[in-house]
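Protein sequences, first through last, are from chains U and H. With this note's numbering as the guide, the letters of the first sequence map in order to residues 2 to 268. With this note's numbering as the guide, the letters of the second sequence map in order to residues 712 to 949.
None of these hints come from the bench; they were simulated from the model. Check the hints yourself; a few may be wrong.
Simulated coverage check for chain H against chain U, where a stretch passes if three residues somewhere in it have a Cβ under 8 Å from a Cβ of chain U [to be verified]:
no., region
1, 744 to 757
2, 760 to 766
3, 839 to 853
4, 873 to 882
C-beta: ideal position from N, C-alpha, C; glycine also.
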Amino acid sequence: MGKLFAVVVTLIALASAAIFALHIWWVPLDISTHGSRIDRQLNETMIVAGVLFVGAQLALAFFVWRFSARGTTRPIKSFPGGPTPMVVLATVLVGAEILVLTFVGSKVWADVYQTPPAPGALQIEVQAEQFAFYFRYAGTDGKFGAMHPELMNDATENFFGLDPANDTTARDDIVVGSLVIPANQPVELRMHAKDVNHSFYVPELRIQQDIVPGLVIPLHFTATKPGKYELVCTQLCGLGHYNMRAFVEVKTRPDFDQWLKDKAAAQ
Amino acid sequence: MIARFAAGLVVLSVGGAAAGPSLRPAPAGAISGKVTYTGTLPKLRPIDMSKEPACVAAHPTPVTTQDAVTGPANSVRYVVVYISAGDQGAPAATDTVHYDQKGCLYIPHVVAMQVHQPLAIFNDDPHSHNIHPLARVNAEWNKSQPKGAPPIRTAWDQPEFIAVKCNVHPWMHGYFVVLATPHSTVTDSSGTFSIAGLPPGTYTVTAWHERFGTQSQEVTVAGSETKTANFVLTARPY
């Protein structure tokens, strides 16, 4: 029975490691300029964690295979100094591994999140609400109309609380339900949440950022590959959370310019 | 049954001149007319349904917002025209009002009903919807309706103009107009309406539009004539 257990543990460990090592289950295509650094960090984390995982499982299998027939009363061997040094050693080893990963990872994270956007980045406002995302472009005047929370009204599609009757800069603002961006141009989002916490997650962009009511959360990135990708909310935000999504459409520059022109004409 | 029938005969033989409901088939008049607008219309904006690809596919031509739908000769659609005074004691409306969700739109955009009148809400789409009437006087509720789910059957207790939204498709909105009267209608694509079954009397007829406001006028109906009542609402671009 012990030997069977050792074989099963070995098979599970090797099969689950192979799924990741062979990239059978892996992250989707990266479409961002910063994504390769995130992917490298993820890769290193997976290698470190994977070696420890496989090593620990194989050691477990070996000891079970080797000693399971001895009965349960006699210890095989004692750790020098007893159990306390063993626990301390294990804690220090695991803690050191986690700290190293955190320090290296936070550097990558800060390079992505805590750098200023490139000058001339395309500005887009994001409104997250139960249970949809909306996106606002400044329109032909290049200026965003001011947001008035008391004017927000889903019934009149005024998701951003604009006041076009009195605010002329708001009249040409373009509000759409998909995030349409040009490829290879820096984009800066300014994200708002109308009601509760939401999260902006696009796996292909290697970006996941919470959006918090009362805060304007900046986020910048550059997408590289034209296509249509899914944006989902990853903070459980209520009954319709499962259906809170939108699409990110990355277009070539000429296609994007044409799209923006068409939208501006419809305002 | 026989006793009630006999009692009815007695009343008929006496004559229906007394006040109150009469069993004699009363002469029923009607009020019809047309709703038009003056002023500048708000721009209809294309509805972005990209979040729900099935609904994009359901509309070969893009759908526009429905809060200011107009037709030829300045006619206005989705105006609720109803008797706001003069028909107290009219028999209650008992037919079921149907409200559909199809292609990620509410069909019709606006429905009028009487308090306590049965309302059935259907989901004809291949995905779930969420019906959220933003009631303030009545009790507000918010229900999911997955694809293929049975209709939600309900009714409202108090008169109120209730905006309805779908939480998962924010472009979906419409109105439940709950009225004290059983005599109401919604203008069609040519802006015309007709309210029938009105006993002789003087009525206040009110037209309500979600953006263009409310107007009323008094109309006196005698016998079985059809009186005309036209409304001209003022449109504003914002």
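Tested hints:
Coverage of a stretch by a chain is defined here by at least three residues with a beta carbon nearer than 8 Å to that chain's beta carbons; for the region 744 to 757 of chain H and chain U the count is 3, and the condition holds. A count of 3 residues in the region 760 to 766 of chain H with a Cβ less than 8 Å from any Cβ of chain U is obtained; the coverage claim is therefore met, three being the minimum. By the rule of at least three residues with a Cβ nearer than 8 Å to a Cβ of chain U, the coverage given for the region 839 to 853 of chain H holds, with 4 such residues. Under the rule that three or more residues need a Cβ within less than 8 Å of chain U, the assignment of the region 873 to 882 of chain H holds, with 7 such residues.
Consistency note: the structure conflicts with none of the earlier hints.
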